[in-house]
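Engineer: So the protein sequences, as listed, match chains E and W.
At position 1 of the first sequence (counting the first as 1) the number is 1 in my numbering, and the numbers step up by one without a gap.
Quick note: to get my numbering, add 113 to the position in the second sequence (first position is 1).
What the hints contain is simulated information worked out from the structure, not anything from laboratory work.
Glycine is no exception: its CB is placed at the ideal position from the N, C-alpha and C atoms.
Among these hints, one or two may not hold up.
[Said to hold, decoys possible] Here are the simulated lysine-lysine pairs, PhoX-like style, with alpha carbons at most 25 Å apart:
{"#": "1", "chain 1": "W", "residue 1": "184", "chain 2": "E", "residue 2": "42"}
{"#": "2", "chain 1": "E", "residue 1": "42", "chain 2": "E", "residue 2": "105"}
{"#": "3", "chain 1": "E", "residue 1": "68", "chain 2": "E", "residue 2": "57"}
{"#": "4", "chain 1": "E", "residue 1": "105", "chain 2": "W", "residue 2": "170"}
{"#": "5", "chain 1": "E", "residue 1": "22", "chain 2": "E", "residue 2": "57"}
{"#": "6", "chain 1": "W", "residue 1": "182", "chain 2": "W", "residue 2": "130"}
[Stated by the list, open to error] A partial selection of chain W residues facing chain E, derived with a Cβ cut-off under 8 Å:
{"#": "7", "residue": "146"}
{"#": "8", "residue": "153"}
{"#": "9", "residue": "156"}
{"#": "10", "residue": "158"}
{"#": "11", "residue": "161"}
{"#": "12", "residue": "203"}
{"#": "13", "residue": "216"}
{"#": "14", "residue": "217"}
{"#": "15", "residue": "220"}
{"#": "16", "residue": "222"}
[To be verified] Here are a few chain E residues that sit away from chain W, every Cβ distance over 10 Å (derived from the structure):
{"#": "17", "residue": "7"}
{"#": "18", "residue": "13"}
{"#": "19", "residue": "20"}
{"#": "20", "residue": "59"}
{"#": "21", "residue": "65"}
{"#": "22", "residue": "70"}
{"#": "23", "residue": "74"}
{"#": "24", "residue": "78"}
{"#": "25", "residue": "80"}
{"#": "26", "residue": "84"}
{"#": "27", "residue": "102"}
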Amino acid sequence: GENVEQHPSTLSVQEGDSAVIKCTYSDSASNYFPWYKQELGKGPQLIIDIRSNVGEKKDQRIAVTLNKTAKHFSLHITETQPEDSAVYFCAAPAEGGADGLTFGKGTHLIIQP
Amino acid sequence: EAQVTQNPRYLITVTGKKLTVTCSQNMNHEYMSWYRQDPGLGLRQIYYSMNVEVTDKGDVPEGYKVSRKEKRNFPLILESPSPNQTSLYFCASSLSFGRRNTEAFFGQGTRLTVV
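One chain only, chain W, in its complex shape:
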């Protein structure tokens, strides 16, 4: 089954304690991205990757890091989480991007609370 898998689904952590949210896709997609979803603000892109070792900032990258060492994995790293990073996070992947956009497949989401 084609899917994007995020872990964990729920996470409560304290300010400043480094954490990683994992994302893996089994569709051999080149393009992967991270979004955060906040009430009234919709989905905002944090980082994206067009292929292995190619990553770039989205609209709200401050406080986040990513890496793309393998095609299937795209972890999101919060080096020093702060309460304003409390949000619902989604990983997504697609076969292509930009003007050749195709369907984006989303993970189930990770609800992060930073206290």
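The shape of chain E in the complex, shown without the other chains:
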């Protein structure tokens, strides 16, 4: 099935700096790439997604870039704030089409004051 690799597993940045989390996927037919944020004690929540017909999408301080040739996509958070501290998951459609999403193993983002 689809294989999604996510790096790094832990990322610590100073408040105000930028953070970048990277993911690679294996199925060249994948066409939808969401990012989820999981705060402590809560379920994951969609923060941004991108479809394969665009290379970049922005929403205020967060952006996602997609390189279909290299089969990787990245989450960029600028001007990080304490409330950005969370676990972030990337995902891609599971191979075969019917199985929903395959998730990366997650990145624990720590914002240092």
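Chain E is already provided as a structure; the job is to place chain W on it using the hints.
Structural biologist: The following block gives chain W in isolation, referenced to the frame of chain E:
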């Protein structure tokens, strides 16, 4: 308010005692799924359902059962829980799936401990 509701939030049980974790969504979504979250392993899909009476195995289905008798409900059943099923469980629903994926909405999670 659009939401996915899981119950209970916390559960401690003993090996072999059957239990059910309920999941209900109010968005009329066709697709529902169960995931377990373990440290270092991320979210792994247990079972999914594409519609009423249509269910299928995910990546880690052993030891679990599900049913989809109504569109809104998708309970997770552990017939004989074992300690290796101690985990954090999430139910999720979405309007569509596969190549037509749309946003997945997750419940608050159920932390299960099997002793």
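Engineer: All hints are to be evaluated individually against the structure, with a verdict given for each.
Structural biologist: Verification of the supplied hints:
1. Of the pairs offered as hints, the one joining residue 184 (chain W) and residue 42 (chain E) holds, with about 24 Å between alpha carbons and a cut-off of 25 Å not exceeded.
2. At roughly 17 Å between alpha-carbon atoms, residue 42 (chain E) and residue 105 (chain E) fall within 25 Å of each other, so this suggested pair holds.
3. A threshold of 25 Å between alpha carbons decides the hint, and for residue 68 (chain E) with residue 57 (chain E) the separation of about 14 Å falls inside it, so the pair holds.
4. Taking the CA atoms of residue 105 (chain E) and residue 170 (chain W), the gap is about 20 Å. The hint holds against a cut of 25 Å.
5. As the CA atoms of residue 22 (chain E) and residue 57 (chain E) are separated by approximately 15 Å, the hinted pair is consistent with the 25 Å bound.
6. At most 25 Å may separate the alpha-carbon atoms for a hinted pair to count; residue 182 (chain W) and residue 130 (chain W) meet this at roughly 23 Å.
7. Interface hint at residue 146 (chain W): satisfied, since its Cβ lies 5 Å from the closest Cβ of chain E, which is below the 8 Å cut-off.
8. Using the Cβ-Cβ criterion of 8 Å, the hint placing residue 153 (chain W) at the interface with chain E is satisfied: the shortest such distance is roughly 7 Å.
9. Taking 8 Å as the C-beta cut-off, the interface hint given for residue 156 (chain W) holds, the closest approach to chain E being about 4 Å.
10. Taking 8 Å as the C-beta cut-off, the interface hint given for residue 158 (chain W) holds, the closest approach to chain E being about 7 Å.
11. For residue 161 (chain W), the interface hint holds, since its Cβ comes within 8 Å of a Cβ in chain E; the closest pair sits about 6 Å apart.
12. This hint holds: residue 203 (chain W) has a C-beta 5 Å from the nearest C-beta of chain E, less than the 8 Å allowed.
13. A least Cβ separation of about 5 Å between residue 216 (chain W) and chain E falls short of the 8 Å threshold, and the interface hint therefore holds.
14. With a cut of 8 Å, the hint placing residue 217 (chain W) at the interface with chain E holds, because the nearest CB-to-CB distance is about 6 Å.
15. A hinted interface residue such as residue 220 (chain W) counts as satisfied when its beta carbon comes closer than 8 Å to some beta carbon of chain E; here the least separation is about 5 Å, so the hint holds.
16. Given hint, residue 222 (chain W) at the interface with chain E, holds; its Cβ is 5 Å from that chain's nearest Cβ, closer than 8 Å.
17. With a minimum CB-CB distance of about 12 Å to chain W, residue 7 (chain E) clears the 10 Å threshold, and the non-interface call stands.
18. Against the 10 Å criterion, residue 13 (chain E) stays outside the reach of chain W, whose nearest CB is about 21 Å from its own CB.
19. Non-interface call for residue 20 (chain E) relative to chain W: holds, since the shortest CB-CB distance, roughly 19 Å, exceeds 10 Å.
20. With a cut of 10 Å on Cβ distances, residue 59 (chain E) stays outside the contact zone with chain W, its closest approach being about 14 Å.
21. Listed as a non-interface residue, residue 65 (chain E) keeps its Cβ farther than 10 Å from every Cβ of chain W; the least gap is roughly 19 Å.
22. With a cut of 10 Å on Cβ distances, residue 70 (chain E) stays outside the contact zone with chain W, its closest approach being about 21 Å.
23. No Cβ of chain W approaches the Cβ of residue 74 (chain E) within 10 Å, the least distance being about 17 Å, so the stated non-interface status holds.
24. Every Cβ of chain W is farther than 10 Å from the Cβ of residue 78 (chain E); the closest lies at roughly 23 Å, confirming the non-interface assignment.
25. Remark: the non-interface label on residue 80 (chain E) is consistent with the geometry, its nearest Cβ contact in chain W lying 22 Å away (cut-off 10 Å).
26. No Cβ of chain W comes within 10 Å of the Cβ of residue 84 (chain E); the nearest lies about 19 Å off, and the non-interface call holds.
27. Chain W draws residue 102 (chain E) into its interface by the beta-carbon criterion, the shortest separation being 8 Å against a cut-off of 10 Å.
Hint 27 from the earlier list is the only one contradicted by this structure; the remaining hints agree with it.
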